[in-house]
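Undergrad: Sequence:
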Amino acid sequence: MSDDSTTAPEDGSGQSQEGSRWRRRKRPGPRRAEGMPTGPIEVRRAVIDAAAQLFCRDGVAEVTLRAVAQRARVNLGLISRYVGSRDDLVRATFADLSDKLTAEVRADPTAARGFGSDSVMVCWTRILSHLVVVDPETAIELGRAPMEDLVAAAQDVYGQSEPAARLRVAQLMGSAMGWRLFEPFLMEAAGLDPDSIDDIRAELLGVHRRLAAQPLPSPPDPPERPGAGRGSAEGPVS
2 MSDDSTTAPE DGSGQSQEGS RWRRRKRPGP RRAEGMPTGP IEVRRAVIDA
52 AAQLFCRDGV AEVTLRAVAQ RARVNLGLIS RYVGSRDDLV RATFADLSDK
102 LTAEVRADPT AARGFGSDSV MVCWTRILSH LVVVDPETAI ELGRAPMEDL
152 VAAAQDVYGQ SEPAARLRVA QLMGSAMGWR LFEPFLMEAA GLDPDSIDDI
202 RAELLGVHRR LAAQPLPSPP DPPERPGAGR GSAEGPVS
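Each residue of the sequence shown is one higher than the one before, starting from 2 at the first, in the numbering used here.
One should not assume that every hint holds.
Stated by the list, open to error - Straight-line distance between alpha carbons at most 25 Å, and here's what the computed SDA-like set of lysine to any residue pairs gives:
{"id": "1", "residue 1": "K101", "residue 2": "R72"}
{"id": "2", "residue 1": "K101", "residue 2": "L168"}
{"id": "3", "residue 1": "K101", "residue 2": "A62"}
{"id": "4", "residue 1": "K101", "residue 2": "L182"}
{"id": "5", "residue 1": "K101", "residue 2": "S81"}
{"id": "6", "residue 1": "K101", "residue 2": "L205"}
None of these hints come from the bench; they were simulated from the model.
Could you build all of it, start to finish, from the sequences and the hints given here?
TA: Following this line, the structure appears as structure tokens:
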């Protein structure tokens, strides 16, 4: 009787080639650590969030891509694959924070924007301070949206004309961003009590709201006390 069964050729080691191929296919790869992001969307999200935290804490110029990858728990090469260069990462992070800040403004236009080190407003301001120096066109392109929403809020909430709303928003944002960048210096140099920081911030927010509601033209300057500004014929200049 003839035997119709076939035997797979051996590979010289006494094992069939088919069996060797099967074993190679079944060999498991390195196990991914629990919680590591997977796929383009998760990786990009993790990288941008990590970059925002590090840029905000250490400053844009001090942060390396390797540090971002470690914080995001991703392979370093995935940053260039899913985000791009370091400059691309800075722009993507600022664009993401601009979207978040715009959403906050739309949800509650007159709410206090956070002063905490990890708040959207603080991180947005710190990255903006870098971009306005190295890439001002991108700073304007990506940072305009929150400003435009604040202009609309000044018109809707306080009844400002468009020219007045634009000027007031520029004024209050200049003050707000300056305070968030330089708060430690301002507190120390002005001799302010650090235990009163919450009251000082609340007062600043009140000043901003009153400024946003102040129509044009502004009231006249307050009169100077007699003898003030003796060091200059024109008095002190702010």
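Undergrad: Each hint needs a verdict: does it hold in this structure or not?
TA: Hint-by-hint comparison with the structure:
no., hint, in the structure
1, K101 x R72, "21 Å, holds"
2, K101 x L168, "23 Å, holds"
3, K101 x A62, "23 Å, holds"
4, K101 x L182, "19 Å, holds"
5, K101 x S81, "24 Å, holds"
6, K101 x L205, "23 Å, holds"
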